[in-house]
Amino acid sequence: MRLFFGSCFTLILAAAIGLGATWLTVTRGIAFGSLTIGAWTAWPKSGSVDIDPYARAAIARTGELPVGVGDGVAFYAHTDDAGNVLDGRCTFVISGITPAARFWTLTLYDTQGRMVANTLDRHGFTSAEILRETDGRFAINIGPRARPGNWLPSGGVEQFVLVWRLYDTPIGVASLTTKEGPMPAVVRKGCG
Amino acid sequence: MIRLPLWILGAVLLGGIVHLSTVLAMPKAATQDAYSRLERLSPVNVVTQLPAPTASEATMPFMDPAFAVAICRYDLSAGALKLRAPLSQAYTAITFYTRNSVAYYAINDRAAGRRVIELDLMTPEQHAQVPEEEDVTAADRLIIESPTRRGLIVLRALAPEPGLMPMARRALTAAQCRIEPAPQ
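Residue numbers (our numbering), protein chains in the order written: chain S, 1 to 192; chain A, 1 to 184.
Heads up, a few of these hints could be off.
[To be verified] Lysine to any residue pairs mimicking SDA-like chemistry, simulated, CA-CA at most 20 Å apart:
| id | chain 1 | residue 1 | chain 2 | residue 2 |
| --- | --- | --- | --- | --- |
| 1 | A | Lys-28 | S | Glu-64 |
| 2 | A | Lys-28 | S | Arg-61 |
| 3 | A | Lys-28 | S | Pro-53 |
| 4 | A | Lys-82 | S | Leu-24 |
| 5 | S | Lys-45 | A | Leu-152 |
| 6 | S | Lys-45 | S | Ala-31 |
| 7 | S | Lys-45 | A | Pro-147 |
| 8 | S | Lys-45 | S | Ala-101 |
| 9 | A | Lys-28 | S | Ala-31 |
| 10 | S | Lys-45 | A | Asn-100 |
| 11 | A | Lys-28 | S | Leu-19 |
| 12 | A | Lys-28 | S | Ser-48 |
| 13 | A | Lys-28 | S | Asp-52 |
| 14 | A | Lys-82 | A | Arg-115 |
| 15 | A | Lys-28 | S | Tyr-54 |
| 16 | S | Lys-45 | A | Val-23 |
| 17 | A | Lys-28 | S | Val-49 |
| 18 | S | Lys-45 | A | Thr-98 |
| 19 | A | Lys-28 | S | Ala-101 |
| 20 | A | Lys-28 | S | Asp-50 |
| 21 | A | Lys-28 | S | Ala-21 |
| 22 | A | Lys-28 | S | Leu-24 |
| 23 | S | Lys-45 | A | Tyr-104 |
| 24 | S | Lys-45 | A | Arg-115 |
| 25 | S | Lys-45 | A | Leu-24 |
| 26 | A | Lys-28 | S | Thr-25 |
No lab work stands behind these hints: they were computed from the structure. Note that this is a predicted model, so its numbers are computed, not measured.
Chain S on its own, in the form it takes in the complex:
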C-alpha cells in the first residue's frame, strides 16, 4: 500500500516539476548564448542551425521567425538601463549611437509581439527616416503623448517591448564583448 501511494506521489510530483519547468523556460524565453549590451539582449545563435532546444521550443510556441545570421541580428529590450519595466504610461528617451549596420529598424510591440494601435499608425523608425543631430546622434521619445522630434507612441499600454534590428551588420555570433557594439541608452524621464 505504501509503495502504491509512494509511486502515485512521485509520478504526480514528477509531472508537475517537469511540465512546470518546461512552461517556465519556454514562456520566459530562456536561451543560451545571449549577447547583452545595456538594456538590449540578442540571441544571434537563434538565427542559425546552432539554435538551442529552448529557443526552438519558444519559437515553435509563439510562431515567430528568427532573423537569420546572414541577414542581421535583433536586440530586445524589456526594461530601461536602470531596470525599470517599459511602461507605456511613462516617457522614455532612447539616445546615442548604434553599431555599424547598413540599415536598422526600431519597433515597439506589446509583450505578445503585436504592434500597439495609435492614431499616427507609427510603430517604429528606420535608420533612413530618423531625425538626427549634425554629429549623427539621435534621440527618440517614447510615450503616450505627442512630442516634437522623433516620437514613438506607446499607446499607454501596461508594458511594451522594443526590438532593435540591425541588418547587414558585423555584429553576430562572434561578437562577445560589448565594446564592438555601442547600443543606444534607454532612460525613463517620468511617468503619468
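Given the coordinates of chain S, work out where chain A should sit on it, guided by the hints.
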C-alpha cells in the same frame, strides 16, 4: 517516513526527464508555429505576399513593419526548387527556414552581388544526383541544401520610409519559385 526523501529524489529525476523530453518535443507538436500559420495562407511552391502587419492583425508575432514580406512554402518531394528574386532598390534579404523554423541559410542583396538572386534549393540526396560536371561548369550557379524536405523561404524587401512600401512590394511581386521535375 525515512522513505519520503527518496520518493522526492525520484520525482525530481523523473521530472527532469519529463522537462527535457517536452522541450525537445515542442517544435514537433506545435500547431501555431510559423509554418502552420502560413499553411492556411499560402499554396505550396508559390511565392505569396503577406499582408502588412497591423495592430489588430499580424501573420506572425514580432514582424518588422518596415519590410514587405513574401514567402514560398516549399516541398521538395517532387524535385528541386528554383528561386528567382529580383532585388529592390533598398535592402533585400532571403532567409531559408526548415519546417520547424530553424534559419539554416540567409543571403542579402550585397552578398548576392547582382540585381537578381537566382538559386537552386534541393535536398542533400537531390544534390548528390546533380551530375558533377554540371556542378562545376555552372560556377555561378548557387545551390543550397535544405536539411528538411519541407520549409519556408522568406523574402523581405525594406521600405526605408513608409512611402516607399509600394516600391518594396512591387519588387517582390516579380519573385518566383517553382519545382524543376527531376530528370528521368
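Margin query: Against the 20 Å threshold, does the CA-CA distance of S:Lys-45 and S:Ala-101 hold or violate the hint?
Written below: 18 Å, holds
Notebook entry, point to check: Given the hinted pair A:Lys-82 and A:Arg-115, is their alpha-carbon gap at most 20 Å?
Noted result: Holds - the C-alpha atoms of A:Arg-115 and A:Lys-82 are around 17 Å apart, at most 20 Å.
Margin query: Need the status of pair A:Lys-28, S:Asp-52: alpha-carbon distance at most 20 Å?
Written below: 15 Å, holds
Next item on the list: Compare the distance between the alpha carbons of A:Lys-28 and S:Leu-19 with 20 Å, and conclude whether the hinted pair is satisfied.
Entry: At roughly 17 Å apart (the allowed maximum being 20 Å), S:Leu-19 and A:Lys-28 satisfy the hint.
Next item on the list: Quickly compare the C-alpha distance for S:Lys-45 and S:Ala-31 to 20 Å and report which way the hint goes.
Entry: 9 Å, holds
Next item on the list: For the pair we were handed, A:Lys-28 and S:Ala-21, check the Cα-Cα distance against 20 Å.
Entry: With Cα atoms ~19 Å apart, A:Lys-28 and S:Ala-21 stay inside 20 Å; holds.
Checklist line | Hint consistency between A:Lys-28 and S:Ala-101 [alpha-carbon to alpha-carbon, up to 20 Å] | finding: Not satisfied, since the Cα-Cα distance of roughly 35 Å exceeds 20 Å.
Check: Has the given pair, A:Lys-28 with S:Glu-64, been kept, meaning a C-alpha gap of at most 20 Å?
Finding: Roughly 15 Å separates the two Cα atoms, so the pair holds.
Notebook entry, point to check: Can the restraint linking S:Lys-45 and A:Thr-98 be considered satisfied, given a maximum Cα separation of 20 Å?
Noted result: 15 Å, holds
Checklist line | A:Lys-28 paired with S:Val-49 [C-alpha distance capped at 20 Å] | finding: 16 Å, holds
Notebook entry, point to check: Does the alpha-carbon distance linking S:Lys-45 and A:Asn-100 stay inside the 20 Å limit?
Noted result: Roughly 15 Å separates the two Cα atoms, so the pair holds.
Note to self: So if I understand the rule, the pair passes when the alpha-carbon distance is 20 Å or less; does A:Lys-28 with S:Thr-25 pass?
What the structure shows: 17 Å, holds
Figure legend: structure checked against the earlier numbered hints; hints not met, in rising order: 4, 19 and 24.
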